[in-house]
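Line by line, the protein sequences give chains R and H. Residue numbers for the first sequence follow the numbering used here, so the first one is 218 and each next one is one higher. Residue numbers for the second sequence follow the numbering used here, so the first one is 0 and each next one is one higher.
Calculated directly from the structure, the hints in this document are not laboratory data. Do not take every clue at face value.
Dumping the calculated DSS-like pairs for lysine-lysine here, alpha-carbon to alpha-carbon at most 30 Å [to be verified]:
(1) R/324 to R/253
(2) R/321 to H/8
(3) R/253 to H/8
(4) R/316 to R/274
(5) R/321 to H/13
(6) R/253 to R/316
(7) R/276 to R/321
(8) R/274 to R/321
(9) R/287 to R/276
(10) R/316 to R/287
(11) H/8 to R/324
(12) R/253 to R/273
(13) R/316 to R/273
(14) H/8 to R/316
(15) R/268 to R/316
These numbers come from a predicted model, not from an experiment.
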Amino acid sequence: GQQVMQIPQYQHVQEGEDFTTYCNSSTTLSNIQWYKQRPGGHPVFLIQLVKSGEVKKQKRLTFQFGEAKKNSSLHITATQTTDVGTYFCAGRGQGGSEKLVFGKGTKLTVNP
Amino acid sequence: NAGVTQTPKFQVLKTGQSMTLQCAQDMNHEYMSWYRQDPGMGLRLIHYSVGAGITDQGEVPNGYNVSRSTTEDFPLRLLSAAPSQTSVYFCASSYSTSGRYEQYFGPGTRLTVT
Chain R
218 GQQVMQIPQY QHVQEGEDFT TYCNSSTTLS NIQWYKQRPG GHPVFLIQLV KSGEVKKQKR
278 LTFQFGEAKK NSSLHITATQ TTDVGTYFCA GRGQGGSEKL VFGKGTKLTV NP
Chain H
0 NAGVTQTPKF QVLKTGQSMT LQCAQDMNHE YMSWYRQDPG MGLRLIHYSV GAGITDQGEV
60 PNGYNVSRST TEDFPLRLLS AAPSQTSVYF CASSYSTSGR YEQYFGPGTR LTVT
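Extracted from the complex, chain R is given alone in its bound form:
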């Protein structure tokens, strides 16, 4: 079945450093979503990418969807302590699949 791999599993940075998490699917995706989960909280939707090669920005966050629609990345510029949490990618397969498969997430900690 469809698998979504996400790396790294953990990332510790100093405040002000950049951060990137990568997501790779075993199959071509129709779209990919990114979520953020603060410690003790629930996942919150950040963005969805649909088109091959798509790039979207939200302030310091940049999201990319690969040309083959099998990989994606989230890059945070100049991290802040408010960026702490676990970032998940979630991919939906092609062919009308209703199942969203989540990566295992990247836990980001930021040292002030």
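Chain R is already provided as a structure; the job is to place chain H on it using the hints.
Using the frame of chain R, we list chain H on its own:
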């Protein structure tokens, strides 16, 4: 709107007991799903529903039952609790089954099975 609500927030069960985790949404969403979250395992889909009266299995359905009699409610039943079902359970909903809409998650239920 309350969004997605889940009850209870915490629950402790003994092995073999049964219980129902409640989930409700007031956004008139068609699609609802249940996930479990274990350390280092991410979110794994248990069951999902694309509308009232329609349910299907996800990645880890064994030991769980669901039903969807109304658009608003999507309860998850543990038939005979086992320690392996100790986890945090999240219910989620989204606007449509087209696969192109964000999911809204509830606050979660933390379940411990002893």
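#### Entry: Violated hints, by number in ascending order, as checked against the structure
none
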